[in-house]
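2 protein chains.
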Amino acid sequence: MKRLKERRLNKIRKEKGKKIRIALAQINSTVGDLEGNMRKIEDYIKEAKKAECHIVAFPELAITGYPPEDLILKPQFIKDNLEALKEVKRNTSGITAIVGFVDKKSDSTSKDGASIYNAAAIIHDRRLIDIYHKILLPNYGVFDEFRYFKAGKKYPVYTIDDIVIGVNICEDIWFPVGPTRFQAHAGAKLIININGSPYYAGKRLLREKMLLNRAKENKVVIAYVNLVGGQDELVFDGQSIIVNEKGEIVLRGKAFEEELLFYDINIPEKNVKTGGKRKAEKIVITNKRLSIPVPQIPEREIKPLSEMEEIFRALVLGTKDYIEKNGFIKVIISLSGGVDSSLVATIAVDAIGRENVMGLFLPSLYTSKESREDTYELVRNLGIKLIEVPITEIFEQYLKTLPREFKDMPQGVAEENLQARIRGNVLMAFSNKFGWLVLTTGNKSEMSVGYATLYGDMAGGFAVIKDVPKTMVYKLCEYRNKREGNTLIPQRILWKEPSAELKLDQRDSDVLPPYEVLDPILKAYIEDDRSFEEILKMGCDVLCAKNVITMIDNSEYKRRQAPPGIKITPRAFGRDRRFPITNKYRSY
Amino acid sequence: MKRLKERRLNKIRKEKGKKIRIALAQINSTVGDLEGNMRKIEDYIKEAKKAECHIVAFPELAITGYPPEDLILKPQFIKDNLEALKEVKRNTSGITAIVGFVDKKSDSTSKDGASIYNAAAIIHDRRLIDIYHKILLPNYGVFDEFRYFKAGKKYPVYTIDDIVIGVNICEDIWFPVGPTRFQAHAGAKLIININGSPYYAGKRLLREKMLLNRAKENKVVIAYVNLVGGQDELVFDGQSIIVNEKGEIVLRGKAFEEELLFYDINIPEKNVKTGGKRKAEKIVITNKRLSIPVPQIPEREIKPLSEMEEIFRALVLGTKDYIEKNGFIKVIISLSGGVDSSLVATIAVDAIGRENVMGLFLPSLYTSKESREDTYELVRNLGIKLIEVPITEIFEQYLKTLPREFKDMPQGVAEENLQARIRGNVLMAFSNKFGWLVLTTGNKSEMSVGYATLYGDMAGGFAVIKDVPKTMVYKLCEYRNKREGNTLIPQRILWKEPSAELKLDQRDSDVLPPYEVLDPILKAYIEDDRSFEEILKMGCDVLCAKNVITMIDNSEYKRRQAPPGIKITPRAFGRDRRFPITNKYRSY
Numbered sequence: 002m003k004r005l006k007e008r009r010l011n012k013i014r015k016e017k018g019k020k021i022r023i024a025l026a027q028i029n030s031t032v033g034d035l036e037g038n039m040r041k042i043e044d045y046i047k048e049a050k051k052a053e054c055h056i057v058a059f060p061e062l063a064i065t066g067y068p069p070e071d072l073i074l075k076p077q078f079i080k081d082n083l084e085a086l087k088e089v090k091r092n093t094s095g096i097t098a099i100v101g102f103v104d105k106k107s108d109s110t111s112k113d114g115a116s117i118y119n120a121a122a123i124i125h126d127r128r129l130i131d132i133y134h135k136i137l138l139p140n141y142g143v144f145d146e147f148r149y150f151k152a153g154k155k156y157p158v159y160t161i162d163d164i165v166i167g168v169n170i171c172e173d174i175w176f177p178v179g180p181t182r183f184q185a186h187a188g189a190k191l192i193i194n195i196n197g198s199p200y201y202a203g204k205r206l207l208r209e210k211m212l213l214n215r216a217k218e219n220k221v222v223i224a225y226v227n228l229v230g231g232q233d234e235l236v237f238d239g240q241s242i243i244v245n246e247k248g249e250i251v252l253r254g255k256a257f258e259e260e261l262l263f264y265d266i267n268i269p270e271k272n273v274k275t276g277g278k279r280k281a282e283k284i285v286i287t288n289k290r291l292s293i294p295v296p297q298i299p300e301r302e303i304k305p306l307s308e309m310e311e312i313f314r315a316l317v318l319g320t321k322d323y324i325e326k327n328g329f330i331k332v333i334i335s336l337s338g339g340v341d342s343s344l345v346a347t348i349a350v351d352a353i354g355r356e357n358v359m360g361l362f363l364p365s366l367y368t369s370k371e372s373r374e375d376t377y378e379l380v381r382n383l384g385i386k387l388i389e390v391p392i393t394e395i396f397e398q399y400l401k402t403l404p405r406e407f408k409d410m411p412q413g414v415a416e417e418n419l420q421a422r423i424r425g426n427v428l429m430a431f432s433n434k435f436g437w438l439v440l441t442t443g444n445k446s447e448m449s450v451g452y453a454t455l456y457g458d459m460a461g462g463f464a465v466i467k468d469v470p471k472t473m474v475y476k477l478c479e480y481r482n483k484r485e486g487n488t489l490i491p492q493r494i495l496w497k498e499p500s501a502e503l504k505l506d507q508r509d510s511d512v513l514p515p516y517e518v519l520d521p522i523l524k525a526y527i528e529d530d531r532s533f534e535e536i537l538k539m540g541c542d543v544l545c546a547k548n549v550i551t552m553i554d555n556s557e558y559k560r561r562q563a564p565p566g567i568k569i570t571p572r573a574f575g576r577d578r579r580f581p582i583t584n585k586y587r588s589y
Numbered sequence: 002m003k004r005l006k007e008r009r010l011n012k013i014r015k016e017k018g019k020k021i022r023i024a025l026a027q028i029n030s031t032v033g034d035l036e037g038n039m040r041k042i043e044d045y046i047k048e049a050k051k052a053e054c055h056i057v058a059f060p061e062l063a064i065t066g067y068p069p070e071d072l073i074l075k076p077q078f079i080k081d082n083l084e085a086l087k088e089v090k091r092n093t094s095g096i097t098a099i100v101g102f103v104d105k106k107s108d109s110t111s112k113d114g115a116s117i118y119n120a121a122a123i124i125h126d127r128r129l130i131d132i133y134h135k136i137l138l139p140n141y142g143v144f145d146e147f148r149y150f151k152a153g154k155k156y157p158v159y160t161i162d163d164i165v166i167g168v169n170i171c172e173d174i175w176f177p178v179g180p181t182r183f184q185a186h187a188g189a190k191l192i193i194n195i196n197g198s199p200y201y202a203g204k205r206l207l208r209e210k211m212l213l214n215r216a217k218e219n220k221v222v223i224a225y226v227n228l229v230g231g232q233d234e235l236v237f238d239g240q241s242i243i244v245n246e247k248g249e250i251v252l253r254g255k256a257f258e259e260e261l262l263f264y265d266i267n268i269p270e271k272n273v274k275t276g277g278k279r280k281a282e283k284i285v286i287t288n289k290r291l292s293i294p295v296p297q298i299p300e301r302e303i304k305p306l307s308e309m310e311e312i313f314r315a316l317v318l319g320t321k322d323y324i325e326k327n328g329f330i331k332v333i334i335s336l337s338g339g340v341d342s343s344l345v346a347t348i349a350v351d352a353i354g355r356e357n358v359m360g361l362f363l364p365s366l367y368t369s370k371e372s373r374e375d376t377y378e379l380v381r382n383l384g385i386k387l388i389e390v391p392i393t394e395i396f397e398q399y400l401k402t403l404p405r406e407f408k409d410m411p412q413g414v415a416e417e418n419l420q421a422r423i424r425g426n427v428l429m430a431f432s433n434k435f436g437w438l439v440l441t442t443g444n445k446s447e448m449s450v451g452y453a454t455l456y457g458d459m460a461g462g463f464a465v466i467k468d469v470p471k472t473m474v475y476k477l478c479e480y481r482n483k484r485e486g487n488t489l490i491p492q493r494i495l496w497k498e499p500s501a502e503l504k505l506d507q508r509d510s511d512v513l514p515p516y517e518v519l520d521p522i523l524k525a526y527i528e529d530d531r532s533f534e535e536i537l538k539m540g541c542d543v544l545c546a547k548n549v550i551t552m553i554d555n556s557e558y559k560r561r562q563a564p565p566g567i568k569i570t571p572r573a574f575g576r577d578r579r580f581p582i583t584n585k586y587r588s589y
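First to last, the protein sequences are chains A and B. Using my numbering, you'd call the opening residue of the first sequence number 2 and step up by one each time. Using my numbering, you'd call the opening residue of the second sequence number 2 and step up by one each time.
No lab work stands behind these hints: they were computed from the structure. Heads up, a few of these hints could be off.
Where chains are identical, the list cannot tell them apart; a pair therefore holds if satisfied intra-copy or between any two copies.
[Unchecked claim] Pairs of lysine to any residue, SDA-like flavour, derived with a Cα cap of 25 Å:
| hint | residue 1 | residue 2 |
| --- | --- | --- |
| 1 | Lys112 | Lys524 |
| 2 | Lys210 | Glu300 |
| 3 | Lys401 | Thr368 |
| 4 | Lys155 | Ser111 |
| 5 | Lys247 | Met211 |
| 6 | Lys47 | Phe263 |
| 7 | Lys210 | Thr110 |
| 8 | Lys483 | Gly339 |
| 9 | Lys20 | Gly248 |
| 10 | Lys90 | Arg587 |
| 11 | Lys106 | Phe147 |
| 12 | Lys408 | Phe144 |
This structure is a prediction, so every number in the text was calculated from the model and none was measured.
Hey, can you work out the whole structure from these sequences and the hints?
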């Protein structure tokens, strides 16, 4: 009976050409949660087996979460991660699993007698068939992989039935002359590339273009599986894809959602010339005959999100995961009636639900009637609670208490900052009393030029829109309002001129150029490392360029003490841009 | 006439054996100050020429300052640094100068068409003879050199008269099988190693032991020149040394002071077997005959400092340079009558003079009579000004203003932090009003377990003793009192039990184990990455170890927003220990 069924399936297989059923598990692992990540991997293996997949692939460092940073320097952490892998191995009967983990190999040439690798375990039917070590280690931008890992040197291929497969990790696939080419030369027709590829706006397009090229160059199918989730300043977008040997996308996973993707891969008949200079190890996984079970998986292709939708959802997931993975339930946000705090509150509601978002309105003498009305309207639209604590009397008490030598000087920035810091203190008092996480509301334009008060509006646990330029803040609000159908963020908030309201008739434009002028300069100087001359060539005024550059350079000390926030541009502050505070370089 | 003099000098030279006169310029360059660093290098070249030196050597990246971090990613910065080097070159008539800078070479295999190197220019008599590229790039601890530099591959030697010299950079000399050995095999009898070697307690001994070994192994003289000065979280100690081929220290430069060191080096006659597998390029610098001018330089050897003196001076220089290189003149410190703020004030006075240090006393209801007396006594001893601003009324106004839902909860951490943050706000108001830099006073033990208030006592520009464990704080005070002869820091401050004085009868020991118990656990877990089991084996109580580890793990978010402070242990917080905030790993 069993033989009969097998014959029938083999017949189907011959009719259809060579096929293999793969599952890509784009999971949301948590850094350091070895137990939780292991359970999640086991659950997805079970699901993949239920769907009769031959292979299931997990993201880079799925066991430890990514990036584990200096946890990797703890020998006990490496040991515990190896234990978790062993546990996963026990649950792979009848399937091949590709699982990212941290490997340790004894190495007499190394200082500690061992080398550490960013690795993929190739497990089949409860046996560890092989371990692949990542060869190309990124050490730029947010990445520090040379700090932790030794580079691998081998690019083996694995044979299941007579289908030859190569496995490699993230950066390994970004270079034309690299592991993918060598594995293709060794006969691989399917490359499984496992990733922890951090999101920024525009990354998906870059990534997919690269994958299409790599597939066509090498006449291989590429199955690309990516992590999902927020980790401190990074958010991972998923959007795993499968590209066929002609460079066509045949499947795309969801953005910013955990998902198990299935696909029956047609293995191409022809390959590029095998051979080449380098020899690859060939490992036979099993001699079982593959067959594609019926019913087949219906083909589906997910349309990518629009630019603003993608960024918005990155912010929502980054916020949700920071809150939840750090054990918080509720958040508190200081609402000013301005566009930044309105956007942050909206993102927070989308991330954890209106019932978990508390607004705090902290009016002063300089708070306008409009700001009050707009705040209350926003709160009504979002359906969140609002607490009002006027700060005027506290401010007056400070002024009364400060000594003569202080009061004899004209009022200025000191008094403005005093107010911002009273707000910070009240916010933190609520946070300490009730255990609510404070979300700060500063945008990238402000963070760039230091138009923010340290320990004032910068006080809080997570800076949701820290990497969002002001001009993009407006676009995101408009996108969200449009998606709502109704107005969620009151129109007047989007129309009125931005003001910190820390003194009479204050406007951002008193000290900053208009944001449409400012933001391109910021991008050029901060993200693209453009020189002063190059910035002038953009059509920028000399004085304006000098002012902006000076403000950026001089506020490094503020950024160093800022809370973390979600990277959504190619270059964020934080790990991504490591600038000295003590720095006398002036580029003009 | 000239010929006569030359003959006479040659005669002296033959009588004395082969000699070369070298100057080691252990300078304090400033990151990014290309113009200033260039002028300083030129001044020292002039001095070295006046002393008739044949060679003058400057530290690693002397032109740019060290470490320039992401400034290196700015193409204009690299260009400007090359211009500065050219300018230096013009001022080297009649001398050989070794100058650290950032080199750029076109490279078709690189993404940007160019590769960047950590380099040493070998300049002789206004000609660029050669450029050495650092081969071994550190990418651990505070170092990120793979982020910026490509590794060099050549280890040339240079011949002056018939003295063969090798130049290499910092990390290059730390490995037995490395550039030093290859250069010795190529005939080098003198190795000039230029450094930007960050200080920590114990580093000098490690470094000197390594240099003695390297000199003996290779039968070479080593001239080791190190940077001096503070740069954000790092301080460089100078202490340049010359080690002869027998492994004897023949000269040691001062600690934490800029200095031009002279020495007439006896070049050893015999060398290890030349040859070896690797071929070194041999470059003849000049065919001029060397001669040692008379009078000779008197031999001198500087005794190293005691442990506490060395650490204290590291803190003084690190503080002084942070203040001055960032353009501040005065500082303000919140004095509580406790040991931490007393030490910080004392360091500040030593760094920038009593007239530039302002004390601020911010008493509350919980401030004891002793704290007030001790503060006033300290201030008298140090001869600094004190401003007193009581915070009680401000605190009461906050409590009055906060809404019912807040006041209905029992008083606790929220109210304690409120007070600490009022102090932070007042401090920052003075800073904003008068342009004084706020020095914070938290020690490493507090920073480790999070026993500090974010935006409260953690508010400020520079955290002087952030890397000093509490037990060492006491030792440093005792050292400084002893050095004074008199009592500078009042004895009662050293005797009394530590308290934050944020509620009635509060003691640090209410929540922390005694510091003599705590500090070894902190070192084991934070600096040495010891596991829970290993910490128990140190004789630590299970509950206590769990508590301490949990407090460390849970306060990563606070440390992320802490001001920078001076690294004085093998592993500080900051660049040196990169931990995720979102981290579910528990090691027990």
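Under a CA distance limit of 25 Å, which applies to Lys408 and Phe144: within one copy, between copies, both, or neither? Neither, since 49 Å and 46 Å both go past 25 Å.
Tell me, please, which holds for Lys247 and Met211 at an alpha-carbon limit of 25 Å: within, between, both or neither? within (13 Å within a copy, 57 Å between copies)
Is it within, between, both, or neither for Lys210 and Glu300, if the alpha carbons may be no more than 25 Å apart? Intra 22 Å, inter 67 Å, cutoff 25 Å: intra-copy only.
Within, between, both or neither: how does the pair Lys47, Phe263 come out at a Cα-Cα threshold of 25 Å? Only inside one copy: Lys47 and Phe263 sit 13 Å apart there, 73 Å across copies, limit 25 Å.
What label fits Lys90 with Arg587 when the C-alpha limit is 25 Å: within, between, both, or neither? between (56 Å within a copy, 23 Å between copies)
For Lys106 vs Phe147, is the C-alpha pair at or below 25 Å within one copy, between two copies, both, or neither? both (16 Å within a copy, 23 Å between copies)
I want to check one pair: Lys155 and Ser111. Are their C-alpha atoms no more than 25 Å apart within a copy, between two copies, both, or neither? both (19 Å within a copy, 23 Å between copies)
Which holds for Lys401 with Thr368 at a C-alpha limit of 25 Å: within a copy, between copies, both or neither? both (21 Å within a copy, 21 Å between copies)
At most 25 Å between C-alpha atoms: does Lys20 with Gly248 qualify within a copy, between copies, both, or neither? within (18 Å within a copy, 69 Å between copies)
One pair to classify: Lys210 and Thr110, alpha carbons no more than 25 Å apart. Within, between, both, or neither? Classified as between; 21 Å across copies, 40 Å inside a copy.
From the Cα coordinates, with 25 Å as the cut-off, is the pair Lys112 and Lys524 best called within, between, both, or neither? between (42 Å within a copy, 21 Å between copies)
Reference check for the pair Lys483 and Gly339, CA-CA at most 25 Å: within, between, both, or neither? within (19 Å within a copy, 58 Å between copies)
Hint 12 from the list above is the single one not met by this structure.
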